[in-house]
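Mind docking chain B on chain A? Use the hints.
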Amino acid sequence: MDIAAGLMHGFALALQPANLWWCFVGVLLGTVVGIMPGLGPPATIAMLLPLTALMNPAGAIIMLAGIYYGAKYGGSTTSILLNVPGESASVVTCIDGYQMARKGRAGPALGIAAIASFIAGTVGVIGLMLISPPLARFALAFSSPEYFALMTLGLAMVVLLAGRSMVKALLAMLVGLWLAGIGTDPFSTTSRFTFGRMELLSGIDFVVVAIGIFALGEVLANMEAREEPQALPVPKGLRNLLPTLRDLRDCRFAFVNGSVIGFLIGVLPGAGSTIASFISYGVEKAFSRRRDEFGTGVIEGVAAPEGANNSETGGALVPLLTLGIPGSGTTAILLAALVLWGFKPGPLFISEHPEMFWGLVASMYIGNVMLLILNLPLVPLFAQVLRAPVYVLYPVIFGLSIVGVYTVSGSVFDLALLAGFGLLGYVMRKLDYPSAPLVLGLVLGGAMERALRQSLMMSEGSLGILVSRPISALMLACAALVLLIPFFARLNTWRLRAMEEENK
Amino acid sequence: MKTLCMALAALTVAGAPAYAFKPTRPIEVVVHTGPGGGSDLLARAVATMIEKERLLPVRMQVVNKTGGGGAVAAAYLAEKAGEQNTIGFFTGVWLTGPLTSAEAKVTLRDLTPIARLVLEPALIAVKADAPYRTLGDFIAAAKERPGQLKQSGGSVTSRDNVVRQLLQKATGVRWAYISFPGGGERIAALLGGHVNVMVIEPAEAGEHIRAGNMRVLAQVSETRLAGFPDVPTLKEAGFDVPAVPQVRGVVAPPGIPAENVAYWEDVFRRLTRTASWRNFLADNQFEDGYQNAAELAKFYDEFTDRMRTILQEAGVKTVR
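Chains A and B are the protein sequences, given in the same order. Under numbering that gives the first Met the number 0, think of the first position of the first sequence as 0, with each following residue one higher. Under numbering that gives the first Met the number 0, think of the first position of the second sequence as 0, with each following residue one higher.
Isolated chain A, as found in the complex:
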């Protein structure tokens, strides 16, 4: 009853014309920011912060949150069309999304990304609304050993990202882990693998590696192939540009999986949307009947991670609003914004400012609907991008990549790194090394190392802490199971072959 009353008040606030307008401005800006590789929500929100000082706080938080979740919608666009991940959470989307585009199914891929985002985004808000306080306690039960186990589970997904050769996938992952080690040791502050370069002290930015290996590597490899001037087929007719009913049916499990996993991982302050998208992709593939087709343009492979990175935003607002603990760069700056407007975010925020909380929740329902209406018509429009001949498209991808990297760091050194990783991506393609495991290792490596070393500091060097805590032990067991999947798959093949032989 409390919830119903709260939500009524929330909608009354969010439906005021001014707040509706700010919600629209937020989600529109978010979509644009998400599409631009490099420029992310934290930088955008930081730039707008001084302007919001003049606004009504409710309208301001509605707008800033709109940028946050709106960006998750746009992030998939460049991943699918150009193999350029718009943000780290969209790397997984490249795997199947770009393959779908290559097969002429860019429209359905973009469409399913918007639909999955809408469903999961809404589920995330429902979760935020209904179960925030108990979930916040659940999040606090997580500490370093649990995070280490979660990262291990994420890393185990490598067996599902591997192409033909498991050894090559593991090698690529190890390179990724090594890249994550470059920079300043987080504990002793000594530098590692920096070769005396000041620019490497902060490590290698994920965006540089992902854009280099995915986008530049792909362009280089395609240029060599001397394809037809028209790079990718784009079917005519609106019907071919949107997901079919069959696509939606294929994705029904992905919608649930992405929503639930994304939300639960989002609640954990130390995890993030990238691992959420990787794990939901892995789960989708592990339980799929057509597991072997993943990586060749399967629509669930787009729906699951795109859903996960949207419901993650609802989850990430749980520790922020119920405890005042930000879990990511974007939520940290939302926290700063609340402080700037004179609020004190913390455990008492919801009970003392219910109108802000419920207004935000209601605006997120509205915002997600707006995003769906905004994004679906854009699908046919964006799909036309692929009609451009390669001598236009490839230079555009190069330009976008360079601009994307430069907006993140403003460093010429990073552009040199970008070129290096582009070449690495090309070589990896030639030698048939999968690139996703490398990126996975890079994303999880840093957090995993920190979590392991923190755990060992807690236990004074005993590894027992990793298995003596129930949540951690459970997740490590899951990781072990995942690692055994290829083994079972092989057993199954043998069994089938043996049966065939018997039948002969």
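Partial chain A-side listing against chain B, Cβ under 8 Å, derived: (1) LEU48; (2) THR193; (3) PRO268; (4) GLY328; (5) PRO344; (6) GLY345; (7) GLU459.
Worth flagging that the hints you see were computed from the coordinates, not collected in a lab. The beta-carbon is built from N, C-alpha and C at its ideal position, and this holds for glycine as well.
Leaving out everything else, chain B in the frame of chain A:
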């Protein structure tokens, strides 16, 4: 009419002293944290206040040069030698970073000190259901179980760890230190019961204390803070250790003329006299730490000498 003109002229002079230097382009303000980090927020708050109080003829644009615990931002400023429309916000890590990292070559001495702005005191806090009522209780518990109790905090060169080192040295008691890169993770580790104690900034702790999740044992400050009149300082609690503040202030690139330094000193001195600034300090429970350029240079020398000794005693390898 003549008197009016003279009065007007006098007013103008009093309002804005004439300096040979005046910024011509938007000022680039370099900070070492990403959007939302401590320095970033201070710089943006200062930019907003300076605009509101009309202390500068141009706008200020915050530029985030993250990485290397301040090393990247400091090096960026050093590269901009002689650049007149750039300044940066430093914090304690700009001072301690070069002590432990060979790559962090740029010290405050290589840049042009402008002004010190704030000192951030801290609190020593435990979870509300912890058995320790005073800092003495905690020290006694740590004595019983050496190395078993844990503190969450930032990197080893951060103020959190320096306070621990000083307390350990003064009492001969030892407890573990676990680094968490994000402030939120440190608080989550304490509230989740994974660590026993933390050094926390008053503004961060306020709401958790009010909600009854956290209890303060002592304050790392020379005098009691307005928001915590009943909590003893370290000295009052019986621990004779210096109250290490987190410092924040302004630097400029090397090689800028003396009149520019005077101009910036004046801008920030006038800022610290405004009501907005006093409210900002009160909201965040910061202490006014204003020092001019000469005082800041002296402070830097004393501070780094003291930190070097503390870090060496803590077993951290120093390179400068």
